[in-house]
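Residue numbers (numbering that gives the first Met the number 0), protein chains in the order written: chain B, 0 to 163; chain R, 0 to 288.
Because the hints were derived from the structure by calculation, they are not lab data.
Even for Gly, the Cβ is constructed at its ideal location relative to N, Cα and C.
Check each hint, because a few of them may be wrong.
Take a look, some chain B residues computed to stay more than 12 Å from chain R by CB distance [as the list claims (entries may be wrong)]:
| hint | residue |
| --- | --- |
| 1 | Val16 |
| 2 | Asp19 |
| 3 | His38 |
| 4 | Lys59 |
| 5 | Ser60 |
| 6 | Asp72 |
| 7 | His96 |
| 8 | Gly101 |
| 9 | Phe102 |
| 10 | Ser122 |
| 11 | Met130 |
| 12 | Cys137 |
| 13 | Asn142 |
Label pairs and their computed distance ranges (CB to CB) [claimed, not checked]:
| hint | chain 1 | residue 1 | chain 2 | residue 2 | range |
| --- | --- | --- | --- | --- | --- |
| 14 | B | Ala82 | R | Asp132 | 56 to 62 Å |
| 15 | B | Lys2 | R | Arg88 | 36 to 42 Å |
| 16 | R | Ala48 | B | Pro119 | 57 to 63 Å |
| 17 | R | Ile1 | B | His96 | 44 to 50 Å |
| 18 | B | Asp72 | R | Asp206 | 53 to 59 Å |
| 19 | R | Arg140 | B | Arg33 | 42 to 48 Å |
| 20 | B | Gln12 | R | Asp132 | 48 to 54 Å |
| 21 | B | Thr35 | R | Gln244 | 55 to 61 Å |
| 22 | B | Gln141 | R | Arg18 | 52 to 58 Å |
| 23 | B | Pro119 | R | Arg140 | 47 to 53 Å |
| 24 | R | Glu283 | B | Cys137 | 53 to 59 Å |
| 25 | B | Pro119 | R | Arg88 | 51 to 57 Å |
| 26 | B | Asp30 | R | Arg144 | 15 to 21 Å |
| 27 | R | Ala48 | B | Gly139 | 43 to 49 Å |
Example chain B residues on the side facing chain R (calculated, C-beta under 8 Å, incomplete) [what the hints assert, rightly or not]:
| hint | residue |
| --- | --- |
| 28 | Leu23 |
| 29 | Thr43 |
| 30 | Ser44 |
| 31 | Val58 |
| 32 | Leu64 |
| 33 | Gly132 |
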Amino acid sequence: MAKHAITLNINGQDMDVAVDSRELLIHTLRDRLRLTGAHIGCETSHCGACTVDIDGASVKSCTVLAVQAQGADIRTVEGLAGAEGLHPIQEGFFQEHGLQCGFCTPGMLIRAWRLLQDNPNPSEEEIRQGMAGNLCRCTGYQNIIRAVQHASEKMQSGETAAAE
Amino acid sequence: MIPGRFEYHAATDVDDAVRLLAEHGADGKLLAGGHSLLPMMKLRFAEPAHIIDINGIADLRGIREEGDTLVIGPMTTESAIIDSGLLQRRCPVLPEAARLIADPQVRNRGTIGGDALHGDPGNDHPAVLMALDAEFVIHGRKGERREPVNGFYVGPYLTALDDGELVTAIRIPTPAAGHGYAYAKFKRKTGDYATAATCCLLEMDGDTCRRVRLTLTNVGPTPLRASEAEDLLTGAEPTAERIEQAAQAAMSICNPAADLRGSPEYKTHMAGEMTRRAIRTALERARGG
Numbered sequence: 000m001a002k003h004a005i006t007l008n009i010n011g012q013d014m015d016v017a018v019d020s021r022e023l024l025i026h027t028l029r030d031r032l033r034l035t036g037a038h039i040g041c042e043t044s045h046c047g048a049c050t051v052d053i054d055g056a057s058v059k060s061c062t063v064l065a066v067q068a069q070g071a072d073i074r075t076v077e078g079l080a081g082a083e084g085l086h087p088i089q090e091g092f093f094q095e096h097g098l099q100c101g102f103c104t105p106g107m108l109i110r111a112w113r114l115l116q117d118n119p120n121p122s123e124e125e126i127r128q129g130m131a132g133n134l135c136r137c138t139g140y141q142n143i144i145r146a147v148q149h150a151s152e153k154m155q156s157g158e159t160a161a162a163e
Numbered sequence: 000m001i002p003g004r005f006e007y008h009a010a011t012d013v014d015d016a017v018r019l020l021a022e023h024g025a026d027g028k029l030l031a032g033g034h035s036l037l038p039m040m041k042l043r044f045a046e047p048a049h050i051i052d053i054n055g056i057a058d059l060r061g062i063r064e065e066g067d068t069l070v071i072g073p074m075t076t077e078s079a080i081i082d083s084g085l086l087q088r089r090c091p092v093l094p095e096a097a098r099l100i101a102d103p104q105v106r107n108r109g110t111i112g113g114d115a116l117h118g119d120p121g122n123d124h125p126a127v128l129m130a131l132d133a134e135f136v137i138h139g140r141k142g143e144r145r146e147p148v149n150g151f152y153v154g155p156y157l158t159a160l161d162d163g164e165l166v167t168a169i170r171i172p173t174p175a176a177g178h179g180y181a182y183a184k185f186k187r188k189t190g191d192y193a194t195a196a197t198c199c200l201l202e203m204d205g206d207t208c209r210r211v212r213l214t215l216t217n218v219g220p221t222p223l224r225a226s227e228a229e230d231l232l233t234g235a236e237p238t239a240e241r242i243e244q245a246a247q248a249a250m251s252i253c254n255p256a257a258d259l260r261g262s263p264e265y266k267t268h269m270a271g272e273m274t275r276r277a278i279r280t281a282l283e284r285a286r287g288g
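So here's chain R without its partners, still in its complex pose (with noise of 0.2 Å):
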């Protein structure tokens, strides 16, 4: 199988992306790590006319902190993700759920920016980053704009992103020290999307949860936020019987297709039962286990 054809472009840097996004408008598209772009377009689900390699702009990739912020480019790869030890102890969350990507040798061209603005239900950066209240850095030809990734998604493949306008950084508020944290993922096997999944991340007070995020992954059109389940576990000691109702809650919002990976009624079950681990696993964690 082969892409259809299309011209070649590579941007020398961002102004150069945006000039030719501009020039190209809907026709053209951008290619970051391409493992998603490349397989659709040979399967003709995408034929831009115009391909903007973005690969080499080196002020997109990179891991830094800002203050009480972590600022990571959208062309870091995955294996980048995974091998920082800065995210290791700022925000684990992000190498856990890279981790569960795909396979290595795709994880070493698939960005998290390719992950995060596909606009796939299926990929795992969206859900995680709604549940850090992270912010996407937009460049376009009016110049920069922030939006924040919860309500960023609006359907399958479609977000706030316009044509013409590039994601230039991601920005995530540092999470507190010692919080608990946790990505459940259930798949098939190695390299598949998941069939349920869900990100906790929690700070506790003594034995209250103060702070709880809770988000799943391809249970809906677009990544979803848990927020009756949430408002459960706010305030309130996270004992079974509220980790039961948190599970159920989150599964009350699935609304799943069916396809190869199960009915909706049994993605939601596998919704609920990934809700139930990232809960206790982020519970663990957060008190030192």
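If we strip away everything but chain B, and leave its shape as in the complex, we get (with noise of 0.2 Å):
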């Protein structure tokens, strides 16, 4: 079985990898890679935990085969936090108490980016849609939607405080 050779940018960086043909993404990022906040949860698409970014879309990398993002930009969960400090995201997962175990975590954390990014003022229920596809088996949901709320009105405070 032949290998492929991909480049992945993965948080600003380029990356080069062989992978086999039959090798999904989320071991690429774990594996050899060594960017392991993505975890493995449930392996068939319901529970989120493996969520990463690719090209501007919140993707299951548990059900992506890696040769298919071959130069792809992909963003992590490694890829949130600056020298600054935390990301409001990651703040607000904090101060709102959005995690327990903290498994589902990391990919709590980057489908809310996205949300966030497409939708920088997201009503209630726009969030419980948009992260209808993470599944926590700890919080009952109400503190995440609180987290969200608390990222969303600090990235835009913030960036209100940038334009002025």
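With the hints as a guide, bring both chains together as one complex.
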């Protein structure tokens, strides 16, 4: 079986890697590139723990072949925090107790990030619909919704301050 | 879980995909969004030796209007269907159904063609496309042919598409302006297949139904067309009694299998309820509600 040489741009950095045809992107990220933020949960595209951002869209990386991501721009949870500290989304989950065991959290964070890129000021209903592909077995979701709202407010006030 | 071993081929255009399909015959399988196929491969329900990825073929994506026909590329994602202003104006039942499929991440990858051609009786687009009197444009080694969606589904995972053939477009006669529509889907949770679902499209002439289409999802080995229920409403005033008769007629053709979603009796009952809701919603919308 032939290996495929692919280049992925992950969190702004080009990475070259050789993958098998049958290798799933989540395994490439975790096992070859040691980006272990995205988790392996249900493995059947339900739970969303493996969510990453590919070319501007949230994707469950357990259901994409790594070879299909050739040339893609990928953002993982490792790409959220900056030199100045936690990203407002991470801060929101922390402030609003949007996590307990934390297993689903990396997928939640990167999905919430994309949701707020596409819709900076979502209604509660839009957050519920937008986060529907990420399961959490601890929180009951209420605090996750609040965490996204917290981040939305903070990101918008940050933008306003910058614009002024 | 990791799929079994296979060779991966990225098709560059339709001719290349047809050539690869011909070369690998029954050992080859097209990869669209992959959200039905890859889970099946992980579970070893499918073990194709050759995967032919058609994600790189730009010609297979997009939604456009050609005269009085809507033409949708099979590789158009569910998210693109939902976001399409053209479909929202001309054929809003498609975005309505797509919003009820899976979840945001899956809809970003899952395609209308993958859903419509996989042959899974739980998939939603087949019944909707049947109600829309759509047809598939099919390419194979012998050239192009067209196949109506009505009659296309033969059994579970069994369609009129032959090995070596590729659907290159879905053609939908643009529904009449002011038509009523609804896709009523009952599911247990986000991401689930339908326990039962009904698609209703209707055109009114004053108080009379001029034209009605009723199709059912996941209550038989294939999507079902409820012809008797359609006949009961066509040319008649859709009174509460008529709607009830149509729902009973729709229930009479259901033949669901028992599974975690319920017994055949329960699923048939829900198909009746979805039919009532779909007709009522479509009527409201046809009347401008």
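What hints, given by number in increasing order, does this structure fail?
The structure conflicts with hints 2, 4, 5, 11, 15, 16, 17, 24, 25 and 26, although it agrees with all the remaining ones.
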